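Engineer: Those protein sequences? They're chains A and B, same order as listed. Mapping the first sequence onto this note's numbering, position 78 (from 1) lands on 78, and the numbers just tick up by one. Mapping the second sequence onto this note's numbering, position 222 (from 1) lands on 222, and the numbers just tick up by one.
These are computed hints drawn from the structure, not numbers from a lab. Some clues are possibly wrong.
What the hints assert, rightly or not - Derived, one-sided and incomplete: chain B residues facing chain A with beta-carbon distance under 7 Å:
1) P4
2) I5
3) Q60
4) T61
What the hints assert, rightly or not - Computed, partial: chain A to chain B, Cβ under 10 Å:
5) R12
6) D14
7) A16
8) R48
9) T52
10) R64
11) Q81
12) R82
In this text the structure is predicted, and so the values were computed from the model without any measurement. Think of the CB as a built atom: it goes at the ideal place given N, C-alpha and C, for glycine as much as any other residue.
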Amino acid sequence: MAHIEGVVVFARFDKADSFSWTDPTTGQVKPIRSLKVLLPHGDGTVTRESLTLPPDMDIPRLTRGEIYGFRCAVSINKKQQRLNWSLIPGSTPLPSLELE
Amino acid sequence: MSSPIQKRLARYLMRNTSTFAVAAGIRESLKLLPLKLRRRMANVSHRLESCALTQRVRVQTPADDETRIRAYNKRACKIRLCPQCLYVTACRDRKLIMDALERIYDVHPDVRAILLTLTTRNRPLVTGLKPMLRDHQAALTRFWKTKRIVNASLGSFTAIELEVRGTPDNPEAGIHSHSIMLVPPTYFANDVPAIWHTEFRDLWRKAARLDYAPIVDCRVARLGDGSDERDATYGAIVECAKYCVSLDGLFEHHGRGRITCDGVIAATILDAFHRQRLHRFDRLFADAMTRVRRARHPA
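Isolated chain B, as found in the complex (with noise of 0.2 Å):
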C-alpha cells in the first residue's frame, strides 16, 4: 500500500492530466464545431493547455510535522472543466459558505437544515444542456418563492450540478440541484415535519412544470454516528459545494494513465455553462454572504 501523500499526488497529477486531455479533446473536434464557437473553443483550449503545463505542485516535510502538498499556478485558467482549477474553486467556495453558515448560528442557534435534492428527467447532452439548464433554473425560481416554501424556511443554498450520463454513443445530460434549506425549530413540532416528502416533489413538479413525478430526496441534515447536527451541516455544505461538473463521465480512461476526452460534449458543456450563476443564496444565506464578502473585500 503506498503511503497516503503519494496518493494524494497522483490525484494531483491525474488531475493534470486530465486538464490536457480537455484540451487535446476540444483542439481535435474544432471543425465538428458551429462557427460562432470555434474561435472561443480554440482560446478556451490554449488556455486550458497553459494552464496544465503551469501547474506545479511542491512536497514539503517541515521538522517534527506532517508532510504537506501545496499546489499553486500563476496561470490559472479557472475554466469549469479544469478539474484543478474546479478544485481550487470548489474549496474556496466551500470556505465562504462555512463562513456564511457560523455567521448564521451565531445570530440564530437553534436553527435546523434539511438537505434537498430536486431532479428532473435526462435530456440528450449535446442539444438539450442549455434548455434543460435554463428550465432547470426557472423551476428553483419559481420553487423557492412558492408560498409554502416560503413560510416555511428562513433561507437556502443551492448548487446546480451536472452529471454526464449515458453511453458514450449517446451521452445524456444529468442536471440536478443540491439545496440546504435552513428552517426553524418548530418546523419540527412533535417530529412532525412541517412538509414532507410527497409534498416536497407536489412542489417541484408544479415549479418544474412537468407532467411526470420527478426524484426528490429531503432528509435532515444529521450524521449517523451521533454527532452534533451543526458538523452534518458543514458536511452537508461540502456535498453541495463541490464540483459544478461531475467529471466521471467526461473522460474515457484507455489504462496505464491515458486519459481522453470528447471535445464536443466539453464545448457544449463549457457553451451552456458559459457566465451562469450555479450557487443561489436565499435570505438568511443571501445576507451572512454579503456581510462574509463584505468582511474579506472591505471598500
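If we strip away everything but chain A, and leave its shape as in the complex, we get (with noise of 0.2 Å):
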C-alpha cells in the first residue's frame, strides 16, 4: 500500500491557464500550462498562487470553486522572495479533507 509523502498544497481551484512562451535559445514556441487556485494562509489572507504543469501532464478536470489537494514541488525565487509550485508528474488532485 502506498502512503502520499512530500509537499500537498489544499486550494481552492480557481481555472487552467495557458501561457506561450518562445523559446530564446531556440526560437520554439512552448506552451506554459498552470493551473490558477486561491491559496489561503494562516493570518485569514487569500493569495492567487500558479501550479505549474509537467509538460507531457494533461489538465486535470476539476471544479472551479472546490477545494482539492495538489502534490507539488517546491522551490524557492530568491530574488522575488516568493514560492514556486510545480505539480508532481502523473500526480492527480485529492478531494479535500474535512474538520471536524
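If you follow the hints, you should be able to join the two separate chains into one complex; please do so.
Structural biologist: So, in C-alpha cells, the structure goes:
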C-alpha cells in the first residue's frame, strides 16, 4: 500500500491557464500550462498562486470553487522572495479533507 | 515566511513611518534653513504629517477571490518626498504613459524602443543640487534637439531622477535621466544600430558641455526570456516612470522600525524640485500623451 509523502497544497481551484512562451535560444514556442488556485494563509489572507503543470501531463478535470489537494514540488525564487509550485508528474488532485 | 499580503502591508506601514520621519526631520532642522525657506518648509512639514495621519489601509478578502489591499487618503499631500504619495503618483503616471504607448503601437506597429540612461558626475547635494538639475534639464533639451537624434528617432519619453549618494556627512546628488527613444525599424538596418554607444556618449558629452566622458547606457528594450519586445517596452516604462527621488539614501534605519531623515537634505531636495517638470515627452510620445489626456478629460 502506497502512502502520500511530500508537499500537498490544499487550495481552491480557480482556472486552468496556458501561456505560449518562446524559447530565446531555439525560437520554439512552448506552451506553459498552469492551474490557478486560491491559497489561504494562516493569517486569514488569500493569495492567487500558480501551480505549473509538467509538459507531458494533461490538465486534470476540476470544478471551479472546489478545494483539492495538489501534490507539488516547491522551489524558492530568492530574488522575488516567493515560492514557485509545480505539480508532481502523474499525480492526481486529491479530494479535500474535512475537519471535525 | 510571512504571507505575501503581510509583506505588502508591511511596505505600506514602512512608507507611512517614512512620511512621519521626513516631516519630523524638516521640523527639527527649520532653524538651520535659510529664512526664505523656513515658512514654506514649516508648511510642508505640517502637510506631510497630516498626510501620514490620515492614511488608511483596508485589507479585504472577497468570497472566491484573493485578498486585496486598498490604501486611501482624503488629505494626500502630493509632496515629492512623501513615499506613499510618490507611489500613487508613479502608478498613475505609469498607466497614462502605457496608454500613450498603446496608442503609438496602434498607429505605428513596427516602432522599436531604445532605453537610454544619461548621467553626469555627482555634485555636493546641499550646494550643487539646484544648478545640477538646471544643467541636466538644459543638456537634455540640447540633446533631444541634436540633428542626429532628431533624424534617427520618432519620439521620446524622459524621466529625471535623483539619487542621494555619498556619505551621511558628505551627501552627494546624482541626477540622471532614463529615456525611452522610439525608432523606426530601419534604425537597425542589417542588425546594426544607426547610432552606436560611443556616439550616444559623445552626443551627450557635447550636449551637457562636459570635459570628461560621461557614463551613458543604451540598450534595446528586450526581455531575456524571449517575450514580445512590446512587453519589454512596457516594462521599460515601469523602470523609467518610477519615483523621481530614490529614497534609499535619504533615510537612516535604526532597527525596530525606527527611521530618521536629515531635514536639511529633504528641504534642499524639495526646494530644488519645487514646480519642476521631471517628465518630458517629444513628438510621437507628446502627441499620444495629449490624446490620452484629452480622452480622459474631454473639454
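Engineer: Would you mind marking each hint as holding or not holding in the structure?
Structural biologist: A quick look at each hint next to the structure:
no.: 1; hint: P4; result: holds, 5 Å
no.: 2; hint: I5; result: holds, 4 Å
no.: 3; hint: Q60; result: violated, 10 Å
no.: 4; hint: T61; result: holds, 5 Å
no.: 5; hint: R12; result: holds, 7 Å
no.: 6; hint: D14; result: holds, 8 Å
no.: 7; hint: A16; result: violated, 16 Å
no.: 8; hint: R48; result: holds, 4 Å
no.: 9; hint: T52; result: violated, 14 Å
no.: 10; hint: R64; result: holds, 9 Å
no.: 11; hint: Q81; result: holds, 8 Å
no.: 12; hint: R82; result: holds, 7 Å
The structure is inconsistent with the numbered hints 3, 7 and 9, although it conforms to all the rest.
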